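A.B. asks: Here is how the chains run, residue by residue.
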Amino acid sequence: MTDINYSLTGFDLAGGDRYGQGGRTEPRIRVNGRASTALAMGKSRLVVMMAAFTVGFGAVGAKLVDATVSFGGAKEPSVARAATRTMTNSRADIVDRNGVLLATSLHTASLFADPKLILDAREAVQQLSTVLPELDPVTLLADLKSDKRFVWIKRNLSPRQQQEVFRLGIPGLNFQREERRVYPQGNLAAHVVGFSGVDNNGLMGIEQAFDTRLKESDEPLRLSVDVRLQHVLRKELVNAVDEFNAIGAAGMVMDVRTGEILGMVSVPDFDPHAPPPPTQEQDTDPRFNRNTLGVYEMGSTFKIFNTAMALESGKVRLQDSFDTTRPIKIGRFLIKDYHPVNHWMDVADIFKESSNIGSIKMAEQVGPNAQKEFMGRLGLLRQASLEVPERGWPMIPNPWREVNMMTISFGHGMSVSPAHLVQAVGGVVNGGIMHPATLLKRENPNEVPGTRIVSEQTSITMRKLMRLVVTEGTASKADVPGYVVGGKTGTSDKVKGRGYVTNARISSFAGVFPANDPRYVVYVLVDEPKGNKRTFGFATGGWVGAPTAGAIIAQIGPLLGVKPQDNNSPEIIQAMAVHPGAVAPPGAQVAAVPASLQAGGEED
Amino acid sequence: MIGKSTIVWIAVSCAASGILYQTSYKAQEQERELNRLNRAIVTEQEAIQVLKAEWAYLNDPTRLEKLSAEHLLLQATGAAQIARLSDLPEKDPNQPPPYTPIPGRKPGSRAPDVIERAPMPKPVPPAPSRRQPEGPVILAKYGATR
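Chains as they are written, first to last, in numbering that gives the first Met the number 0: chain V, 0 to 603; chain F, 0 to 145.
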């Protein structure tokens, strides 16, 4: 051992005396000795230390570069952010079939104040009331002088108001951005579109049914309704309600070839910006949608289905006559006709005169089971297929007895909603193919789901019968020059509580135009109309529903681009004659019509 | 001693870092500009949305009908006013133009000049002032109750 002090690492840190001891035989550091192990250990420690420092400084450097070059650690490209930033978390628009805005979301500013930061509350109130005159100065002053840190002054300012408040420059005022649902058409489509609450949840109509769709997608939702038709419907329905002092009305227009509902109005309606609270009494509730939620005993409009069923069964032919001279007694009720006649009537007369007795006789030929099956085929035994959540269940008898069959044959003892009826009537006149009614615009009009409910021949006969009702029967006031209207009136006493109420009735009209080539079904229902002087005290479907429907058709015909035809032209009269050739319409030159035209049931 | 290559490397790295930081600042500036533009786009989109809503509101059919009743003489189109091109009778190309009598001349008398048919109407003179209408006066009742 030497007496030289080695450092712990084995290095000769002082190192100087090596030169002074040149003649020493024993080297200071031997290859195989205790010092050499210490040296090796020191070396490895050094390497470890260096590695640690390299890693550390490297990390710092890398982070530094990262922080300076790609700031914020943005992983996604900024351009993608730009796209998503534009209209985030806004509810999608709802538009009508032509793209007219029915509901949209606007970003509005809501004004609030931090009273602690208001320097002069009195002056602030004075200035604010010049811009927002509707504010109450007294409560506002009390608010601004309070000890709170947050006071709403006014929610949902318009952009102009916001700009004016900005220009006042009052310290302590601030704006909170909020999203607000706006319905530019107001009441026009209130029942279809519905409304959404302050937290942007749909609470009614399409807004509720497509809540998630509207929240997730930015694409506007295109409905099948047409704002112009909505307007015409609403105007005429309001007129009818006013004229007949009714409590409400409902109207629909449907395209029979696609099942699209082009118009759906229920009166009374409401402003979707300030929906009224729901009330118990549905008759007067403005939120109550009579078209879809209301189920009514439809009365004689059901004879469309009864006649179609009888003809479709093959057990009744158009020429068959029935004894309608004697009333029928069902239980304690006596079924009479509104216009009694004392001779036998054939099917066309029964339909034209709307004979209850005749309808029962026809239904008796078919039987209750087949009737129930037929009603099921028309979709009258389940909920309507519409998209809105407010859909009423039909009220059907269970069990379906002989008695029920008799009353249902003329539209009593079974309640359906107007939406049910419109869809089924559309199917009956549309060559027997029924398309499910929809409130959304069909993307592809050529691929519409449909079911056959009656044969084409029955459908043609039904159109002729419906035209007959307008030309010679109860619905003469529904006729419109240029648009060959067919239809059926309906009047029924309302059921309230346990029994029928006299003088509270549903007057309705289910029409189709043009009857020779059906495109549209128009339905009008007036709830509890009262007769007036002009109608000689009558408030039946023929006096209330039919003229309203006629006025609607006269206005929507040009809007829908229906080709006007001459109602009195021989071709039309012949095409619409129930018994071609046998009936000579008064005043028409049928004799001059060639035989080929007489044979053809339908023109173009 | 510091070798030449070391000097070169140091210079290169200095230049590189200089360029890097310049690019970085430029990118930051562009980012700010992008953000500004994004904000502007959002503002514009919101303004468009407001204008769309206003457009739809002002085009409310109820309002339009009221305005048209107040300011126009137009009425709703009736079915009788609609005709299709195919409904018009076919015109025979060989048929001479319809005879249009010249006012103030007896039919059959020889036309004095080159005039064979009635002359084309002269260009319409500028509209007469409202105070003194010249032509037949149409009595229009605006603001018909509707």
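In case anyone wonders, no lab produced these hints; they're calculated from the structure.
Hints are supplied without guarantee of correctness; some may be wrong.
Derived pair list, reagent style BS3-like, types lysine-lysine, alpha-carbon separation capped at 27 Å [claimed, not checked]:
no.	chain 1	residue 1	chain 2	residue 2
1	V	Lys476	V	Lys493
2	V	Lys562	V	Lys335
3	V	Lys562	F	Lys25
4	V	Lys62	F	Lys65
5	V	Lys440	V	Lys493
6	V	Lys440	V	Lys234
7	V	Lys234	F	Lys51
8	V	Lys314	V	Lys529
9	V	Lys153	F	Lys90
10	V	Lys214	F	Lys65
11	V	Lys234	F	Lys90
12	V	Lys440	F	Lys25
Covered by chain V, per the in silico footprint, the following chain F stretches (three or more residues, Cβ under 8 Å) [to be verified]:
no.	segment
13	5-11
14	46-54
15	87-95
Computed from a predicted structure; not experimentally measured.
Just so it is clear, CB atoms sit at the ideal spot from N, CA and C, and this is done for glycine as well.
A.B. asks: A separate judgement is required for each hint: does it hold in the structure or not?
C.D. replies: Going through the hints against the structure:
no.: 1; hint: Lys476/V to Lys493/V; result: holds (24 Å)
no.: 2; hint: Lys562/V to Lys335/V; result: violated (41 Å)
no.: 3; hint: Lys562/V to Lys25/F; result: violated (66 Å)
no.: 4; hint: Lys62/V to Lys65/F; result: violated (69 Å)
no.: 5; hint: Lys440/V to Lys493/V; result: violated (34 Å)
no.: 6; hint: Lys440/V to Lys234/V; result: holds (24 Å)
no.: 7; hint: Lys234/V to Lys51/F; result: holds (25 Å)
no.: 8; hint: Lys314/V to Lys529/V; result: violated (40 Å)
no.: 9; hint: Lys153/V to Lys90/F; result: violated (69 Å)
no.: 10; hint: Lys214/V to Lys65/F; result: violated (36 Å)
no.: 11; hint: Lys234/V to Lys90/F; result: violated (43 Å)
no.: 12; hint: Lys440/V to Lys25/F; result: violated (50 Å)
no.: 13; hint: 5-11; result: violated (count 0)
no.: 14; hint: 46-54; result: holds (count 7)
no.: 15; hint: 87-95; result: violated (count 0)
Consistency with the previously given hints fails for numbers 2, 3, 4, 5, 8, 9, 10, 11, 12, 13 and 15, ordered from lowest to highest.
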